[in-house]
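Participant: Here are the chains, one letter per residue:
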Amino acid sequence: MSVDTKTVKRVAHLARIALPEAEVERMQGELNAILGFVEQLAKVDVEGVEPMTSVTPMRLKQRTDVVTEGDMADAVLANAPTSDDHYFVVPKVVE
Amino acid sequence: MTELIELSLAEARDGLEAKRFSASELARAHISAVERARLLNAYVLETPEKALAQAFESDARLKRGEGRPLEGIPIGVKDLFCTKGVRTTAGSAILGNFTPDYESTVTSHLWRDGAVMLGKLNCDEFAMGSSNETSAFGPVVSPWLPPNWDGARARSTIIKATADRDVPQGLLVPGGSSGGSATAVAARLCLGATATDTGGSIRQPAAFTGTVGMKPTYGRCSRFGTVAFASSLDQAGPIARTVRDCAILLGSMAGPDPRDSTCAEIPVPDFEAAVSRGVKALKIGVPKEYRMDGMPEEIEKLWAEGARWLASAGAELVDVSLPHTAYALPAYYIVAPAEASSNLARYDGVRYGLRVEGRDVIEMYENTRAAGFGREVKRRVMIGAYVLSAGYYDAYYLRAQKTRTLIKRDFEDVFAAGIDAVLTPATPTAAFGIGEKASASPIEMYLNDVFTVTVNMAGLPGISVPAGLDGKGLPLGLQLIGRPFDEETLFAAGQVIEDAAGRMALPKIWWE
Chain A
1 MSVDTKTVKR VAHLARIALP EAEVERMQGE LNAILGFVEQ LAKVDVEGVE PMTSVTPMRL
61 KQRTDVVTEG DMADAVLANA PTSDDHYFVV PKVVE
Chain B
1 MTELIELSLA EARDGLEAKR FSASELARAH ISAVERARLL NAYVLETPEK ALAQAFESDA
61 RLKRGEGRPL EGIPIGVKDL FCTKGVRTTA GSAILGNFTP DYESTVTSHL WRDGAVMLGK
121 LNCDEFAMGS SNETSAFGPV VSPWLPPNWD GARARSTIIK ATADRDVPQG LLVPGGSSGG
181 SATAVAARLC LGATATDTGG SIRQPAAFTG TVGMKPTYGR CSRFGTVAFA SSLDQAGPIA
241 RTVRDCAILL GSMAGPDPRD STCAEIPVPD FEAAVSRGVK ALKIGVPKEY RMDGMPEEIE
301 KLWAEGARWL ASAGAELVDV SLPHTAYALP AYYIVAPAEA SSNLARYDGV RYGLRVEGRD
361 VIEMYENTRA AGFGREVKRR VMIGAYVLSA GYYDAYYLRA QKTRTLIKRD FEDVFAAGID
421 AVLTPATPTA AFGIGEKASA SPIEMYLNDV FTVTVNMAGL PGISVPAGLD GKGLPLGLQL
481 IGRPFDEETL FAAGQVIEDA AGRMALPKIW WE
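Protein chains in written order, with the numbering used here: chain A, 1 to 95; chain B, 1 to 512.
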């Protein structure tokens with residue numbers, strides 16, 4: 001399978017990466033090289049094989065449902081590019 | 001004081017205990033070596049004040065006879081591990097000056113045991129790369145010189161490239177993604193370093209630089225506080241100059257952690273004790289599928305020699321088959337990008353790091369990520385988004401996860417037949433030149449990990465041990481793959497190889 005330029009642009013948007021028109025073709029070539037490489041998996045007989053969901057046999061750990069950490073708004077916001085009064089600030093989303 | 005940086009970690013530990021030198025002296029020797037080695041670009045942040053403060057405390061403890069297992073040992077930290085109050089970038093511009101308010105579990109274990117932090121080590125952006133050329137901080141230079149180069153030529157090449165904002169073409173890559181860790185260890189800029197391995201990022205750079213790299217079993221080390229690339233494959237481990245040093249470091253780094261639900265609740269064995277266990281009566285498998293077309297004859301020869309070394313130490317060598325080996329790399333290039341595209345969704349310009357404004361919130365995301373991610377990361381995030389998108393999931397991701405089951409089953413069959421460890425080459429070639437693969441297809445770079453990636457896909461432990469030099473005088477490594485949570489056998493067998501090959505003679509200092 002290979003991707004056309006329209007698909008490259010759609011995937012870039014899905015990935016939330018701005019892709020200037022001038023870079024579309026190069027990206028298309030690189031993505032198609034990778035997709036061409038992984039194509040060989042079509043030769044593997046996976047009939048009746050379960051997909052791996054956990055690489056080691058482990059049961060998901062559980063813990064008591066209590067607050068263990070919190071009350072650290074300043075620390076959480078310390079690295080934010082913009083914040084205001086303990087809120088992250090984003091461009092206006094709702095008119 | 002330069003002789004202090006030439007010690008192995010174990011020798012330094014014993015010297016501190018015997019009070020032959022102080023932790024402060026050891027720290028100062030390393031701080032000075034780091035400052036004089038900036039041409040190699042191994043450290044992206046030096047933390048000499050922190051190192052001296054920690055060493056001061058170590059000296060006080062040693063004086064009181066209260067030394068901890070790594071008391072006063074100077075180490076470097078791959079910049080993928082979050083360090084409280086110390087900038088952490090994952091080699092990416094998108095993290096900017098991100099300064100975590102928390103410490104990764106792995107590094108917190110090291111500080112708990114008395115280790116001293118020299119600084120943060122360069123790596124491929126988000127650990128995506130096999131040459132350390134994708135880092136936003138530029139490439140790391142291997143301390144190993146290409147054939148017929150001398151130090152003067154290497155220094156002037158780096159200085160000129162820096163002035164021209166170019167890369168030092170012709171010099172060698174240290175491998176990646178833990179290229180800063182491998183170079184720092186090989187150039188004696190620390191006694192050991194933390195690293196991470198998603199497809200070979202500990203073992204391949206170790207092989208390229210004549211150092212020892214151990215990727216433990218998935219779940220042996222906590223992933224808490226380690227910047228995530230592909231969560232079902234990522235695992236932390238050490239790079240050091242000897243097998244014993246790796247065993248000492250892993251003993252500290254490993255262990256259960258309530259903050260990582262995939263971290264195994266099993267006690268950490270005495271890895272250092274396992275180093276001298278030997279391989280008598282062990283069965284070592286040699287898989288025919290690792291004999292690749294076009295592989296240099298020297299690697300084939302070294303592999304056979306490694307088998308002989310283990311045999312003369314009492315192991316039984318057995319031919320084995322891992323039939324799905326060839327499919328590990330293509331399956332990896334679906335699974336890893338898929339997980340990366342999900343993990344890297346967090347870099348949105350809102351909570352930390354870089355932000356590039358746009359007309360609305362979507363455009364802000366897109367501009368931020370376009371400016372903050374490098375080419376390799378964009379490629380992988382987009383491949384991941386594609387293989388997970390509606391209509392393609394079954395053909396790509398599901399098929400890759402089924403293939404992964406088969407790869408793991410290959411190893412399970414071999415271990416069920418009584419094999420204790422599997423011996424393979426670590427890499428299909430020795431180190432290549434910086435910039436050499438820049439214009440090639442991404443696949444050519446990916447092929448570096450063809451022998452290491454199977455181990456991540458199956459969640460197994462693997463160690464790379466220097467075994468000799470190729471015709472150009474560059475180091476080559478052998479890899480041993482073990483049963484889940486049996487790193488001890490790998491340390492034992494690794495030591496046999498190290499003893500037989502002789503400890504790797506590392507390059508003389510030319511970078512100062």
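Rather than coming from a laboratory, the hints here were simulated on the basis of the structure.
Small disclaimer: the values here were computed from a predicted structure and weren't measured.
Mixed in with the good hints there might be a few duds.
Claimed, not checked - Example chain A residues on the side facing chain B (calculated, C-beta under 10 Å, incomplete):
id, residue
1, L19
2, P20
3, V66
4, G70
5, H86
Claimed, not checked - Simulated restraints on C-beta separations:
id, chain 1, residue 1, chain 2, residue 2, range
6, A, G36, B, F56, 53 to 59 Å
7, B, D413, A, V89, 38 to 44 Å
8, B, G502, A, T5, 54 to 60 Å
9, A, V24, B, E297, 50 to 56 Å
10, A, T5, B, R346, 47 to 53 Å
11, B, S32, A, G36, 48 to 54 Å
12, B, R346, A, V94, 33 to 39 Å
13, B, N148, A, E23, 48 to 54 Å
14, B, R346, A, N32, 38 to 44 Å
15, B, R68, A, A78, 29 to 35 Å
16, B, N148, A, E39, 55 to 61 Å
Cβ coordinates follow ideal geometry from the N, Cα and C atoms, glycine included.
Participant: Take the hints in turn and mark each one as holding or not.
Facilitator: Outcome of the hint check:
The interface hint given for L19 (chain A) is met, as the beta carbon of that residue sits about 7 Å from the closest beta carbon of chain B, less than 10 Å. Contact between P20 (chain A) and chain B, as hinted, is supported at the beta carbon level, the nearest pair being about 8 Å apart and thus within 10 Å. Annotation: V66 (chain A) was flagged as interfacial toward chain B, and the flag is violated, the nearest CB pair being 13 Å apart, outside 10 Å. At about 13 Å, the closest approach between the beta carbon of G70 (chain A) and any beta carbon in chain B exceeds 10 Å, and the interface hint on this residue is violated.
Hint status for H86 (chain A) relative to chain B: violated, with the closest Cβ pair at about 13 Å, above 10 Å. At roughly 57 Å, the beta carbons of G36 (chain A) and F56 (chain B) sit within the given window of 53 to 59 Å. Checked against the hint of 38 to 44 Å, the pair D413 (chain B) and V89 (chain A) fails, with Cβ atoms roughly 56 Å apart. As the Cβ distance of G502 (chain B) to T5 (chain A) is approximately 56 Å, the hint placing it in 54 to 60 Å holds.
Evaluation of the 50 to 56 Å hint for V24 (chain A) and E297 (chain B) yields a failure: the beta carbon distance comes to about 43 Å. Judged by the Cβ atoms, the range 47 to 53 Å given for T5 (chain A) and R346 (chain B) is violated: they are separated by roughly 28 Å. Between S32 (chain B) and G36 (chain A) the C-beta distance comes to about 50 Å, which sits within the given range of 48 to 54 Å. Taking the beta carbon of each, R346 (chain B) and V94 (chain A) are about 23 Å apart, not inside 33 to 39 Å as hinted.
The given range of 48 to 54 Å is broken by N148 (chain B) and E23 (chain A), whose C-beta atoms sit roughly 39 Å from each other. Checked against the hint of 38 to 44 Å, the pair R346 (chain B) and N32 (chain A) fails, with Cβ atoms roughly 28 Å apart. As the Cβ distance of R68 (chain B) to A78 (chain A) is approximately 30 Å, the hint placing it in 29 to 35 Å holds. Between N148 (chain B) and E39 (chain A), the C-beta spacing of about 41 Å breaks the proposed range 55 to 61 Å.
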